[in-house]
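2 protein chains.
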Amino acid sequence: MRHTRILDLLNSTKTLQEVNVKGWVRTFRNNQFIALNDGSTIHNIQCVVDFENTADETLKRITTGAAVSVTGALVESQGAGQKYEVQVVKLEILGDSDAEKFPIQPKNKPSLDFLRENAHLRVRTNMFGAIMRVRSVLSYAVHSYFQEKGFVYVNTPIITGSDAEGAGEMFKVTALPFDNTPRTEDGNVNYKEDFFGKETNLTVSGQLEGETFAMALGQIYTFGPTFRAENSNTSRHLAEFWMIEPEVAFNDLTDNMDLAEDFIQYVIKYTIDKCPDDLKFLESRLLDEEKSKPQAERSEMALLEKLNFVLENNFKRVSYTEAIDILRDCPPNKKKKFNYIINEWGADLQSEHERYLVEKHFKCPVILFDYPANIKAFYMRLNEDGKTVRAMDILFPGIGEIVGGSQREERFDVLVEKMKALGIDEEELWWYLDTRRFGSAVHSGFGLGFERLVLFVTGMTNIRDVIPFPRTPMNAEF
Amino acid sequence: MRHTRILDLLNSTKTLQEVNVKGWVRTFRNNQFIALNDGSTIHNIQCVVDFENTADETLKRITTGAAVSVTGALVESQGAGQKYEVQVVKLEILGDSDAEKFPIQPKNKPSLDFLRENAHLRVRTNMFGAIMRVRSVLSYAVHSYFQEKGFVYVNTPIITGSDAEGAGEMFKVTALPFDNTPRTEDGNVNYKEDFFGKETNLTVSGQLEGETFAMALGQIYTFGPTFRAENSNTSRHLAEFWMIEPEVAFNDLTDNMDLAEDFIQYVIKYTIDKCPDDLKFLESRLLDEEKSKPQAERSEMALLEKLNFVLENNFKRVSYTEAIDILRDCPPNKKKKFNYIINEWGADLQSEHERYLVEKHFKCPVILFDYPANIKAFYMRLNEDGKTVRAMDILFPGIGEIVGGSQREERFDVLVEKMKALGIDEEELWWYLDTRRFGSAVHSGFGLGFERLVLFVTGMTNIRDVIPFPRTPMNAEF
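Chains as they are written, first to last, in our numbering: chain A, 1 to 478; chain B, 1 to 478.
To give a feel for the contact side, a few chain B residues facing chain A, derived at Cβ under 8 Å:
(1) S136
(2) S139
(3) F196
(4) G218
(5) P225
(6) W431
For the record, the hints were derived by calculation from the structure and aren't laboratory data.
Note that the Cβ used here is the ideal one computed from N, Cα and C, for glycine as well.
Okay, chain A solo, but in the shape it has when bound (with noise of 0.2 Å):
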């Protein structure tokens, strides 16, 4: 007979004669309870074996890890904390798991750092269970929220022949060998000898091809995997992540707030809606790792508590300028607390001043707009006042930056006055300047790391956590 999810038995109706499962054992008590678990749900089914009509050498291997196929009924089970429970008639280990080799044991407590290590079997925990089927879950309302607006879902190039974004230092693509390189005359590397016949490398953003679809298809979004080969070892980034990027024809700055607002709301509401019990286990879970952290460090609000914070708030939209005043005048600045004092107007803004406005002043999520233009990239539109553009970052409680977007500069002239001035190449951004020349019109549109979101979702504290196989410096394992 065919086998059914553990999820769909536990949702179960009513109880039935027969029933197959297949799963791998989490726990086996007493030579009698297994905890079955088949990744369908954070939820185990309890299995009963009916230990003395069973062979030892089966007993014995029955051990965490090992995979099993059991036959029985659905009975109400007699234990607390599970409406049913099957009683064993049939159990055939499909695949041992020497218990002293098996490295996820749970009596063992393993740290963060050894699951990493084993991110091939980490998923196999409740924790890492929970972590991936929510951010499935979180991917689908993505790809929901635009597809029920209309947007288009474009795969903008992970290989580039463009370098000229300067969003972050790139990877390089090469079929070249490193021995006998091929050469130009004058020594130089011959990209024209490489697979494709130029300098190659891994994307840090869809963004520029997304406009130029934008412009043509009105509404669209990208949501693909994106680059940096920056040597940040931290909790906060990874050198292969993965972007979402939507870009509106005809969108202005407010515009692009409330897109960003709405679309950050929507997709929590739907994780949350779907995803109770795997949620409900990552908050106790974060409630644990907090105890051991003194009270000052502690979260004011439990998981859920804060999600639903983020639903029922509005983000607060405070202009550049209001938050360096804010900054200026507070006491971690005034008393010299910050690492980056905040004197003047103009200063990049670190992410102890994020915090600082998001955690301590505003205490929610907040949207900054209007930056100094030299600190922005530049294609971002510049303000009638000549020194601000129409950026905007939104900033999370314990996250930091989660979003950067901008209404983008649609002005031919301004924008190749500006490329000009930084250096940037415009024979290389020809297809870039083409949606200047050919029917212009005011657009914007903004990027979200997807692992922040799911940071945040989670309430995981290091992004290495919630990424399959996460790539930082010295790591590409798997």
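Given the structure of chain A, go ahead and fit chain B onto it with the hints provided.
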């Protein structure tokens, strides 16, 4: 006032006193009729300009490609072919488009080659607007299918330290310089000094990592970019393409075939339902294209007929051995019309053979299974006969192979022996082997090349026309 999408105006249930539309001019006839498109639909809205009361200076700027904002009444159209039109009260040119310079002039009938070189603008044509909307809806159908069934979406790594799979030539990813490359004492490149401390490549498949997640979460799928550094300049190959790879614990090869067939039928049906107008346009485009072909080379079915045929007919399941018997005795083999004559069991099938089976013999999608072990990958499950493996390929008319999959070898000893025979490093794949060390079980999966699916559904014939910015040998523009 806020502008309304053209799709919503054309679907309006009533006339409206005042509306605002923004979009790009497709054509401007008789100094009076603007065909305006905003990418929300293939249909243009006709905007009727009161030319007697509009400045000549403005009328001259209403050119193909220009972005305009139009305000006026939505009224019933006098002309044929449209329900509503806009009687323009106010017209604003948002962005000019110099008619002498704008490359996409409908009257010039630009070639597909020319449009590929202008991938950033081709999406402003009806054809590419339709293709990209259909592609987007197909993507969403993929996610919907798996999410509704409780599959977990897994983002397997793009940069991979594992090069053992042998699915194809890989691109190197590096942050090392070609000049003064760090070397070890014996003169080799010292990858310990590279960003990840080891040699890394762009992934050719997320399958192996996907398997580790399936063996924890039960049912997973990937949908992400994959890469081949192969010098294949054909209409069916890309260096960068998107792949869908579901993997399911406890599924055998029959379950795998059932899943693939059900999945393909679902996403095609979903797209037929959601994109009737775009598909109708693409169907007539294909008919036009085929008019220039000799009768014998034309499709027997129109596009929608072909899509419905796939929905209404089961895929024919044929073992490799049966296929060889058919091919050996078929007229083109006997008359030596094939480039590769089929003489013996064990021959690898070429696309000419696959096309014969699908297009001439069975005239429907075909699933070939149980291939000779030595022409398939190391991880496929060996049959009891000791010479075939539980592989399957799905072949589509006009496309060839669209799916490749298998039941995986779940037996540790058999897998290790196979790897040894092929010289695949066990150390390198320690984590993959762990899935067989700890709680192994029968499991299966497949990979579907997304662009080949888009080709099939849109009726396009060159794969470069169904991805926004194609990457092929000597081509990574944009």
